[in-house]
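Put together the whole structure using the sequences plus the hints.
Which chain is which? The protein sequence lines are A and B, in order. The first sequence begins at 965 in the working numbering and counts up one residue at a time. The second sequence begins at 581 in the working numbering and counts up one residue at a time.
Source of the hints: derived by calculation from the structure; they are not laboratory data. A hint or two may mislead.
Incomplete in silico selection of chain A near chain B, CB under 7 Å [unchecked claim]:
| no. | residue |
| --- | --- |
| 1 | Tyr1008 |
| 2 | Ile1032 |
| 3 | Tyr1069 |
| 4 | Tyr1077 |
| 5 | Ala1100 |
| 6 | Gln1102 |
| 7 | Pro1285 |
| 8 | Glu1289 |
Backbone N, C-alpha and C define an ideal beta-carbon position, used for all residues, glycine too.
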Amino acid sequence: MSQERQRPAVERELTMSRAVVEAIAEEMRDNEEVFYMGEDVADYGGIFDSTEGLLDEFGHDRVMDVPISETAYLGAAVGAAQEGMRPIAELMFVDFFGVAMDQIYNQMAKNTYMSGGAVNVPMVLTAAVGGTYNDAAQHSQTLYGTFAHMPGMKVVVPSTAYEAKGLMHNAIRDDDPVVYMFHKRLMGIGWMPAPQGPKTPVPEEDYTIPFGSADIKREGSDVTVVTLGLHVHRALDAAAELEDDGHDVEVIDLRSLVPLDTETIIESVEKTGSLVVVDEDYRSYGVTGEIVASVAEESLADLDAVERVAVPDVPIPYSRPMENEVIPDSKDIEDAVKALE
Amino acid sequence: MANISTRQLKSMYDDMVTARYYEERLQEEYMEGKQPAFDISAGPLPGELHLAAGHEASGAGVCEHLRDDDTVTAPHRPHHIAIAKGVDLKRMTAEIFGRETGLSRGKGGHMHLFDTDVNFACSGIIAEGCPPAAGAGLAAKKRNDDSVAVAYLGEGAIDQGAFLESLNFAAVRDLPVVFVIEDNDWAISMPKDRVTDVENGSQRASGFDMPGVRVNHDDAVAIHEAAGKAIGRARDRNGPTLIEVQVHRRMGHFMGDPETYRPEEDQEAATQRDSIERLAEDLRARGVDSATLDDIESEAHDRVDEAIEWAKDQPQPDPAQAHEDVFVNPPSGVTDSEPQYELKRGDD
Ligand SMILES: Cc1ncc(C[n+]2csc(CCOP(=O)(O)OP(=O)(O)O)c2C)c(N)n1
Chain A
965 MSQERQRPAV
975 ERELTMSRAV
985 VEAIAEEMRD
995 NEEVFYMGED
1005 VADYGGIFDS
1015 TEGLLDEFGH
1025 DRVMDVPISE
1035 TAYLGAAVGA
1045 AQEGMRPIAE
1055 LMFVDFFGVA
1065 MDQIYNQMAK
1075 NTYMSGGAVN
1085 VPMVLTAAVG
1095 GTYNDAAQHS
1105 QTLYGTFAHM
1115 PGMKVVVPST
1125 AYEAKGLMHN
1135 AIRDDDPVVY
1145 MFHKRLMGIG
1155 WMPAPQGPKT
1165 PVPEEDYTIP
1175 FGSADIKREG
1185 SDVTVVTLGL
1195 HVHRALDAAA
1205 ELEDDGHDVE
1215 VIDLRSLVPL
1225 DTETIIESVE
1235 KTGSLVVVDE
1245 DYRSYGVTGE
1255 IVASVAEESL
1265 ADLDAVERVA
1275 VPDVPIPYSR
1285 PMENEVIPDS
1295 KDIEDAVKAL
1305 E
Chain B
581 MANISTRQLK
591 SMYDDMVTAR
601 YYEERLQEEY
611 MEGKQPAFDI
621 SAGPLPGELH
631 LAAGHEASGA
641 GVCEHLRDDD
651 TVTAPHRPHH
661 IAIAKGVDLK
671 RMTAEIFGRE
681 TGLSRGKGGH
691 MHLFDTDVNF
701 ACSGIIAEGC
711 PPAAGAGLAA
721 KKRNDDSVAV
731 AYLGEGAIDQ
741 GAFLESLNFA
751 AVRDLPVVFV
761 IEDNDWAISM
771 PKDRVTDVEN
781 GSQRASGFDM
791 PGVRVNHDDA
801 VAIHEAAGKA
811 IGRARDRNGP
821 TLIEVQVHRR
831 MGHFMGDPET
841 YRPEEDQEAA
851 TQRDSIERLA
861 EDLRARGVDS
871 ATLDDIESEA
881 HDRVDEAIEW
891 AKDQPQPDPA
901 QAHEDVFVNP
911 PSGVTDSEPQ
921 YELKRGDD
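Structure below.
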């Protein structure tokens, strides 16, 4: 991270999964009403280490293994939240959302509005997202756009351990439903090695990162690259390569999709005049189109050139050469930046 | 062992030893490049791999009754069922290796195998094979043919809406469907009693007014007998049946599973029970000598080795193929032109 934050020096580094767990544990200590539900979150500690160690401290009553009944337990989280508790419910893979879509789309997301603000749903829905390890079409999606599309859910996507902790504290304390989408490849799981970037210094004390505050991960003057999750790191790799070719690339990490920090993006585009949006979700009707449209609406005159880098409109194929073809890598981002000229 | 011929016993034995050896070989291939530190995305065979060692009897015992035109849907742990259903071993292996000549041209992988020649499909989303199996039964019934459909699921899947709704749908329409629960005691790290209050999944049947049968041992002959009744009932248009079979998980949930949640005795017990050895004893009791059994086994090994060698020789798909197969018709549908009508509206 190149930006200079005005904050005390922190040296302790954590993987993203440790940072997530630290935030959850702290909130559970502070508030009896916070509890976690999911498949294999107790003894296993979460398939992607999202709850590793929580069982020991909090026991099976607060770190609850649940039946493979997503409709029932996500819906139960909605109900418990409406009673004022602060449940966290996990979708082991975001791809399983379909099984519980009504509870997500028609209950969790809409009850506040349909009640004219009388009801609120202070829950967190966590979900593992992403490909890059050849798990094929039913276990590799990010589905950022699917969740961000429906009004009524805040949607956040950490890219590093630092973000993971601050966003989780804010998510649990938020009085609205928050969808917290963590990329498997970033968690720092032993059997799925993470790239260099996501393991960062993390303050010991708790802190919150406001939603709707994008972070400039790298400053540059020629091109604005807007992205999130794993692709923050791929964009930074691309930017480092492009520097040698004389391109000065700015990389913006959205950190949340709902709300969306268009201001930071537009300020950057005013400076650079060119925009590349990079997404691991499908190209059509999604994050890339949304960002480009938002910038165009507000600041069309500043926009000289635009590129989108996303998964073409195909399901994620299994075989490695084909998966590599559809999931954007840093080379694809480099090409897109070069194509702007 | 009333209604089963020695030929059928041998055929089941063949399926079971094929499946067991197939998975041993797959395991070897899968672990290549993933040691000493297990990295799921390394080596020639990436992605998740769910092996079914300990489940073989339920594949063989049920599928022994099935014809190519009967449909089977399997879950994320499909190999033993695919083998028993007669899925093309070479093309299935090529698929698992992600090769161009695989069943799905490398697009599906081990959790998403489709062999239309024998009406086999599997899916990685829990219980989601149940509704399509009911649909295959519905099609058979509408067309008045006597084919049947079988949906396999794990005991962890019996709490899922797709399963329960399918039981009801099949029951109320008297569809020729058999649901087969493979109870291996574990849903990844979750033991049965943590997630359901009923002792047996087969009890679910009573709420839908269909027969529910449990086979308490992974005994291929007993499974064959229970499945025979259920499939006969379906073929005769007398409606669906739910069968639950006790099987065992000899390995982790997926390769790389540390199984720290699992008591050692349980793991040990699973490897002690061996449905293959049990069936071999049954065969010997019928006077089949060891040499014959050895022959079946070594032929199975040869077939498996050949399939794996063949698969490894197959070409990788061209990356550009990733863009194909989203639709079978072009995006414009069956036509790319439309006739010119003059549409006259009301009074204007
Ligand atoms: C809807 C859905 N939820 C969760 C999962 C993740 N998952 C894959 S296998 C599995 C456990 C399945 O247990 P069981 O049905 O008993 O089958 P087994 O793996 O033991 O053969 C889970 C929770 C999934 N694939 N689909």
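>> Min Cβ distance, A/Tyr1069 to chain B: is it shorter than 7 Å?
In response: Violated, because the Cβ-Cβ distance from A/Tyr1069 to chain B comes to roughly 16 Å (cut-off 7 Å).
>> Just to be careful: measuring from the Cβ of A/Tyr1008 to every Cβ in chain B, is the smallest value less than 7 Å?
In response: holds (4 Å)
> Was the hint right that A/Ala1100 lines chain B, CB cutoff 7 Å?
Replying inline: holds (4 Å)
> Taking the closest Cβ pair, is A/Ile1032 under 7 Å from chain B?
Replying inline: holds (5 Å)
> Hint check: is the beta carbon of A/Pro1285 less than 7 Å from a beta carbon of chain B?
Replying inline: Constraint on A/Pro1285 satisfied, holds at 5 Å.
>> So, as I understand it, the hint says A/Gln1102 touches chain B; can you test that by seeing if any CB pair is closer than 7 Å?
In response: holds (4 Å)
> Is the hint on A/Glu1289 kept, meaning its closest Cβ partner in chain B is under 7 Å away?
Replying inline: Because about 4 Å separates A/Glu1289 from the closest Cβ in chain B, which is inside the 7 Å limit, the hint holds.
> Given A/Tyr1077 as an interface hint, is the shortest Cβ-Cβ distance to chain B below 7 Å?
Replying inline: The hint is violated - A/Tyr1077 has no Cβ within 7 Å of chain B, the shortest such distance being about 26 Å.
In summary, the numbered hints that this structure violates are 3 and 4.
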